[in-house]
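Participant: Listed below, chain by chain, are the residues.
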Amino acid sequence: MDSMHDLGGRQGFGEVQPEEDEPVFHHRWEACVYTLVNQMMGRGVIRNVDQFRHAIERIEPRAYLGHGYYGRWLGGLENLLTESGVLDPARLELLVKEKGGRVDDLVAARPSPEPDRVPPTESAGAGRAVTDAPRFSVGQPVRTRATSVSTHTRLPAYARGRLGRIVSLQGGWVFPDTNAHGRGENPQHLYCVRFSGEELWGDEAEPGQSVHLDLFESYLAALDTPSVEEPEQKEPENE
Amino acid sequence: MSDHSPQAIRAEALESLLVEQGLISEAAVDETIALFNDRVGPLNGALVVARAWTDPAFRQALLEDATAAIEPFDFKGGEVQRLVVVENTPEIHNVVVCTLCSCYPWALLGLPPTWYKDPAYRSRIVREPRKVLSEFGLEVSADKEVRVWDSSAEVRYLVLPERPPGTEDLDVEALSALVPREAMIGVAVL
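Going line by line, the protein sequences match chains A and B.
Per my numbering, the very first residue in the first sequence carries number 1; after that it's consecutive.
Per my numbering, the very first residue in the second sequence carries number 1001; after that it's consecutive.
Any given hint could be a false lead.
[Unchecked claim] As a list, the in silico SDA-like pairs of lysine to any residue whose alpha-carbon atoms are at most 20 Å apart:
#	chain 1	residue 1	chain 2	residue 2
1	B	Lys1076	B	Pro1090
2	B	Lys1131	A	Lys99
3	B	Lys1076	B	Gly1110
4	B	Lys1076	B	Gln1060
5	B	Lys1117	A	Glu198
6	B	Lys1117	A	Met4
7	B	Lys1117	A	Gly12
8	A	Lys99	B	Gly1110
9	B	Lys1131	A	Gly208
10	B	Lys1117	A	Ala157
11	B	Lys1131	A	Gly14
12	B	Lys1117	B	Pro1180
13	B	Lys1117	A	Lys99
14	B	Lys1131	B	Trp1115
[To be verified] Label pairs and their computed distance ranges (CB to CB):
#	chain 1	residue 1	chain 2	residue 2	range
15	B	Ser1025	A	Pro134	43 to 49 Å
16	A	Asp116	B	Glu1026	41 to 47 Å
17	A	Lys97	B	Val1172	54 to 60 Å
Hints in this document: simulated from the structure, not taken from any laboratory.
All residues carry an ideal CB built from backbone N, CA and C; glycine is no exception.
Excised from the complex, chain A in its bound form:
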């Protein structure tokens, strides 16, 4: 999904601002949201982590940029609680108003009127056996999918349609793109793929830079013909 969460490579955000001796939670409400999410995952109201990540990706875009980390979690949580029928949004609005919330406050949650039906997850963890042999091997050049999708996906926009090289095989895993939507686990092989800075950012790339991404098999394709140019990359030394 091409929403605000896909931030890699976006420009204009300014300096990183670390806070010295930062507390784990700045306010009680943050600890509250953290606890609620953990409890709802434990109870199976939140069905799987891919569903939760996607629920955050679907929040109001200005809230994504402006409400902070736990504000985003709050939006994702509220999406899923409303969509699953656990939360009555009208009751929440009433209570928010009673507590001093204003009618024009931006709300992060945007529950879908036709939510996906996601089944409960049986197993702990996302690692799965994959019966088919891996399609790609270490050292092989690959090209990533060039097209955008509206579903949850873990291929960032900045790495779409790019030439990379397989660095390692990372095992078999639940496929987030379908698992987030209740369309099955569809386990796939996962690969660590290396991209040169030049491949991603062109002439403006800093020298001697690479980016590594863990990418699912269906995000990748072998290069078509031997005459296709391969990326000029220093061979990784300590993989």
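On the provided structure of chain A, position chain B as indicated by the hints.
Facilitator: Frame of chain A, contents of chain B only:
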């Protein structure tokens, strides 16, 4: 810790409703706060780093299969399903990010700092890592390679920093006290 932002009001309202519905206890939030406040001592990741510095066989095992190598430590708190440790060398500097959300090796480093999860770091570290690192006060020389690891799946990454000189006589405990989380994310060196 009071806050009157719209998010605070909404979170508190949500909490009240869920308590009323019996889905969460009020004590659960206080338990969370206590759990994180009571944490003392170096991070779990620092113990792993110190052990790698002092035990060459462990270091090798860590670089080959970190998930298996840390199993005996039995770290709790946010299951790391697959761990990869990437080693800084005189030729290579590593740094970790999750551009799509905030994936982080919780069991080793606890919950991530806010800057790690915010748009500035997530957007810029993949595109201009040297510039971002220099803003953290870390200048990486031009002849060194910078490798950025974007945690886009369930694999979690930990940077093994280079051991600083003059620490040869320190034991594992003393060494682990030297390693801040910034060095294990890759935005600092020792």
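Participant: So, for every hint listed, does it hold in this structure?
Facilitator: Here is what the structure says about each hint:
For the hint linking Lys1076 of chain B to Pro1090 of chain B, the alpha-carbon distance of about 33 Å lies beyond 20 Å, and the restraint is violated. Taken as a hint, the Lys1131 of chain B and Lys99 of chain A pair is broken in the structure, with Cα atoms around 44 Å apart against an allowance of 20 Å. Of the pairs offered as hints, the one joining Lys1076 of chain B and Gly1110 of chain B holds, with about 10 Å between alpha carbons and a cut-off of 20 Å not exceeded. Between Lys1076 of chain B and Gln1060 of chain B the CA atoms are separated by roughly 23 Å; this puts the pair beyond 20 Å, and the hint is violated.
Simply put, Lys1117 of chain B and Glu198 of chain A have alpha-carbon atoms about 26 Å apart, too far for the 20 Å limit, and the pair is violated. For the proposed pair Lys1117 of chain B and Met4 of chain A, the alpha carbon gap of about 13 Å is at most 20 Å, so the pair holds. The straight-line distance between the Cα atoms of Lys1117 of chain B and Gly12 of chain A is roughly 16 Å, inside the 20 Å bound, and the hint therefore holds. Taking the CA atoms of Lys99 of chain A and Gly1110 of chain B, the gap is near 33 Å; set against the 20 Å cutoff, the hint is violated.
Only pairs whose Cα atoms come within 20 Å are accepted, and Lys1131 of chain B paired with Gly208 of chain A is accepted, the gap being roughly 13 Å. This hinted pair checks out: Lys1117 of chain B and Ala157 of chain A have alpha carbons roughly 18 Å apart, not beyond 20 Å. In summary, the hint linking Lys1131 of chain B to Gly14 of chain A is supported, as the alpha carbons are separated by about 11 Å, within the 20 Å threshold. Note on Lys1117 of chain B and Pro1180 of chain B: the hinted pairing holds, with a Cα-Cα distance of about 18 Å set against a maximum of 20 Å.
Taken as a hint, the Lys1117 of chain B and Lys99 of chain A pair is broken in the structure, with Cα atoms around 29 Å apart against an allowance of 20 Å. Note on Lys1131 of chain B and Trp1115 of chain B: the hinted pairing holds, with a Cα-Cα distance of about 16 Å set against a maximum of 20 Å. Between Ser1025 of chain B and Pro134 of chain A the beta carbon distance is about 46 Å. The supplied range of 43 to 49 Å therefore holds. Distance hint for Asp116 of chain A and Glu1026 of chain B: a CB-CB separation of about 32 Å, inconsistent with the stated range 41 to 47 Å.
Between Lys97 of chain A and Val1172 of chain B the beta carbon distance is about 56 Å. The supplied range of 54 to 60 Å therefore holds.
Figure legend: structure checked against the earlier numbered hints; hints not met, in rising order: 1, 2, 4, 5, 8, 13 and 16.
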